[in-house]
Amino acid sequence: MTMENVALEVKDLKTFFHTEDGVVKAVDGVSFNVNKGETVAIVGESGCGKSVTSFSILRLIKAPGKIEEGSIIFENKDLTKIKESQMRDVRGNDISMIFQEPLTSLNPVFKVGDQIAETILLHQDVDKKEAKKKSIELLKKVGIGRAEQIFNSYPHSLSGGMRQRVMIAMALSCNPKILIADEPTTALDVSIQAQILTLMLDLKKEFGTSIILITHDLGVVAEMADKVIVMYAGQVVEESDVFTLFKNPKHPYTKGLLESTPKVHELEDELKSIPGSVPSASNWPKGCRFYSRCSMRLNHCNDNAPELLGDENHIVRCWLQNEEVVKQSEYAK
Amino acid sequence: MAKYLRKRLLEIIPVLLFITFIVFFLVFWVGDPVALMLPEDAKQEDIENLRSALKLDEPMLVQFGYFVSNVVQGDFGKSFRYGEDALPIVLERLPSTLTLAFTSMIIAVLIAIPAGIISAIRRNSATDVFVTGFSILGKAMPSFWLGIMLILIFGVIFKILPVSGNGTWAHLVLPSITLGTAVSAEMTRLVRSNMLAILQQDYIRTAISKGVKPLSLILKHGFKNALVPVITIMFLQISTLVSGALVTEVVFAYPGLGQLLVQAVSGRDMAIIQAAIFVVAIMVILLNLLADLLYKVFDPRIKYN
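So the protein lines, in turn, are chains A and B.
Going left to right, the first sequence walks through residues 1 to 333 as the numbering used here numbers them.
Going left to right, the second sequence walks through residues 1 to 305 as the numbering used here numbers them.
Rather than coming from a laboratory, the hints here were simulated on the basis of the structure.
Only a predicted model underlies this, so the values are computations on that prediction, with no experimental measurement involved.
Ideal Cβ positions, reconstructed from N, Cα and C, are used throughout, including at glycine.
Where hints are given, some of them may not hold.
[As the list claims (entries may be wrong)] Some, not all, of what chain A presents toward chain B, calculated at C-beta under 7 Å:
{"no.": "1", "residue": "G37"}
{"no.": "2", "residue": "D94"}
{"no.": "3", "residue": "S105"}
{"no.": "4", "residue": "P108"}
{"no.": "5", "residue": "L158"}
{"no.": "6", "residue": "M162"}
{"no.": "7", "residue": "H265"}
[Unchecked claim] Derived pair list, reagent style DSBU-like, types lysine-lysine, alpha-carbon separation capped at 35 Å:
{"no.": "8", "chain 1": "A", "residue 1": "K128", "chain 2": "B", "residue 2": "K213"}
{"no.": "9", "chain 1": "A", "residue 1": "K14", "chain 2": "A", "residue 2": "K286"}
{"no.": "10", "chain 1": "B", "residue 1": "K224", "chain 2": "A", "residue 2": "K134"}
{"no.": "11", "chain 1": "B", "residue 1": "K220", "chain 2": "A", "residue 2": "K62"}
{"no.": "12", "chain 1": "A", "residue 1": "K128", "chain 2": "B", "residue 2": "K303"}
{"no.": "13", "chain 1": "B", "residue 1": "K78", "chain 2": "A", "residue 2": "K140"}
{"no.": "14", "chain 1": "A", "residue 1": "K132", "chain 2": "B", "residue 2": "K213"}
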């Protein structure tokens, strides 16, 4: 894989929140690449740092949060270092974002069409009339009939699915190279979810946009992703292509996640879950962060933080991947 | 919309009736109206004659009926002091009070909106603390005291502004600042708290993620959402301004409704008091209705039904 193929490179990203109760290390050394035209899914439980990671890319982190370390390389620029004015040129233009709540993500006092046209006017050298024309075309492209009419509607008069289509139209209005979708279907009805996902896939094919998909829904991952990054407690714990991950998950947490997805064809009464909860982000354990919930933990894991191990196609942050450690240490109670 | 307007206009009727009721009984609460009209050494016979001439010897409800039918015709009786119909005297004073209220409101808005927005953006900064302190001070200063201080500074020491009367724009400056200060203090706090809440909203994050510039982010995407509460308080404060005018107009010898009302109260000129209260009440009712109708312009989510 050559560097030319890489659309975005996140290296050792650390985003911390300086709260009154101490430093919350929400993202603690996350690295990954997004290739051109690739869909990368970031999965994990709430609070694992996946949303903070995606907000960090567009520098949407508000005080008391701060990107402490690391770099986010996009087109030879480090997004963590460039000036705010340069960052504004990237936002909505090269990298755009859609959010979880289409209801609250659109400004209630502006017509949806004007909200799309605003993005076009900000980044493209066109007049208002042209921007309106383009906005209507975009609305048609995301599958909205009566686009001229919807252009003049306010967000509150549209359904959730429609609003998310508007958000997608807005995000795609400047042909971004990367689209970040933060739980784009979580707030929608199941029947609408599939429509939105299909729409995103179609648009990705058409524009060659890379997608970073933040989700906790493994069904969505299987449907959409080329590559999967599993996050736990502010770190990447496993990364591989989607087929390998589903077929051969190596991290006990990933296995737990896959097992806790309901399966219709298996006649089991009980839905499996991972016991316990994520440790506090202001005080991560010294050893493996999954230790307290792990069903396969070794004595070694309690005091020693595991590194990412494996080859470029499949990396895992788990001591079980280190044969020597497994030989020398015993399973903990 | 037309249906809503009709409903709201109909709702005014009971309110007006209630106000008429209060205004009617005002006369009896302050003492025997007949005794007020005649000299202290008047004979009992004269008192009784005047009482029956004014139909004041009839049952209360009947008297109230007379009163309502007169009010509907715009007749509040004659002013003792001026010897003329009360309503025209009150209406004649109305424009100068409205002018004062209007300029005070403009001053209040011009101070409150920028101060509130800056205070919200720079939350907990020195600027915010300064603005907060200043608005508490503004609210706490009694208007008669502020008025006298302004007269002292600008009228007596620097001699750059007239301290009483009306007629030119210069005459409006000091009374408007006096009246506008308290309103701006309250409005600043409101703008600040609303903007703080708005800046946390998801659509602000969306706007940032689109690459919207800071000024447009705050004014267009942010402040437009704060307009409904700001307009509400603006219209509600007009009644504060009118009542505040009682004191301010007296301090600045400004010939408005407030001054007239204060004089009428001290002279027990009941017809003027009744007419003035009635006019102010109608004004407040209509302004509130106007505010309700204006919301729709600024917030498309509001529906009238």
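Against the structure, the hints:
no.: 1; hint: G37; in the structure: violated, 22 Å
no.: 2; hint: D94; in the structure: violated, 10 Å
no.: 3; hint: S105; in the structure: holds, 5 Å
no.: 4; hint: P108; in the structure: holds, 6 Å
no.: 5; hint: L158; in the structure: violated, 12 Å
no.: 6; hint: M162; in the structure: violated, 16 Å
no.: 7; hint: H265; in the structure: violated, 38 Å
no.: 8; hint: K128(A) with K213(B); in the structure: holds, 18 Å
no.: 9; hint: K14(A) with K286(A); in the structure: holds, 17 Å
no.: 10; hint: K224(B) with K134(A); in the structure: holds, 25 Å
no.: 11; hint: K220(B) with K62(A); in the structure: holds, 20 Å
no.: 12; hint: K128(A) with K303(B); in the structure: holds, 29 Å
no.: 13; hint: K78(B) with K140(A); in the structure: violated, 71 Å
no.: 14; hint: K132(A) with K213(B); in the structure: holds, 20 Å
Of the numbered hints stated above, those contradicted by the structure are hints 1, 2, 5, 6, 7, 13, listed in ascending order.
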